[in-house]
Amino acid sequence: GQQVMQIPQYQHVQEGEDFTTYCNSSTTLSNIQWYKQRPGGHPVFLIQLVKSGEVKKQKRLTFQFGEAKKNSSLHITATQTTDVGTYFCAGNQAGTALIFGKGTTLSVSS
Amino acid sequence: NAGVTQTPKFRILKIGQSMTLQCTQDMNHNYMYWYRQDPGMGLKLIYYSVGAGITDKGEVPNGYNVSRSTTEDFPLRLELAAPSQTSVYFCASRSNRGYEQYFGPGTRLTVT
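Residue numbers (my numbering), protein chains in the order written: chain L, 1 to 110; chain Y, 111 to 222.
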């Protein structure tokens, strides 16, 4: 069945450093979504990417969808302590339910 | 709007007991979902519903049941609780015009 894999599982950075998490699917996706979950909280939607090669930015966050629509990345520039949490990618094929990756947990020390 | 609400927040069950996790949304969303989240894992879909009266199995439905008698409510039933069902359960909803899923605050369940 469809699988969505994320690396790394954990990442610790110093405040101000950059951070990237990668998402890879075993199948071609219709779209990919990214969610953030703060410690003890619930997932919160960040963005959806639909087009091959799409790049979207939200302030210090840059999201990319691969040309083959099988991979994606989230890059955070100059991390802040407010960026702490677990970032999940989730993808699906047309008409199917979202499959979530296991997430990348980011910790930031000041 | 309250969004998606879940009750209870925490619950401890003994093996073999049953319980219902409640989920309500006030956004008039057609789609509703139940996920479980185990430590270090992503979210696994248990059941989902595309509208009142329609439910379908997700990736890990065994040991659970759902019903959807109204647009607002989507309860999840555990009939014979097992330690493997210890997890955090999230309910989510989305509209049929959008793709963003809105999650509730979760129910932390321990079965001992």
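No lab work stands behind these hints, which were simulated from the structure alone. Nothing here was measured: the structure is a model prediction, and the numbers come from that model. In this text, a Cβ means the ideal position worked out from N, Cα and C, and glycines have one as well. Check the hints yourself; a few may be wrong.
Unchecked claim - Dumping the calculated DSS-like pairs for lysine-lysine here, alpha-carbon to alpha-carbon at most 27 Å: (1) L:K51 / Y:K124; (2) L:K70 / L:K102; (3) Y:K124 / L:K36; (4) Y:K124 / Y:K154.
Unchecked claim - Chain L stretches covered by chain Y per the calculated footprint, using a threshold of three residues with CB under 8 Å from any CB of chain Y: (5) 39–45; (6) 86–98.
Hints versus structure:
no.	hint	in the structure
1	L:K51 / Y:K124	48 Å, violated
2	L:K70 / L:K102	16 Å, holds
3	Y:K124 / L:K36	32 Å, violated
4	Y:K124 / Y:K154	23 Å, holds
5	39–45	holds (count 5)
6	86–98	holds (count 4)
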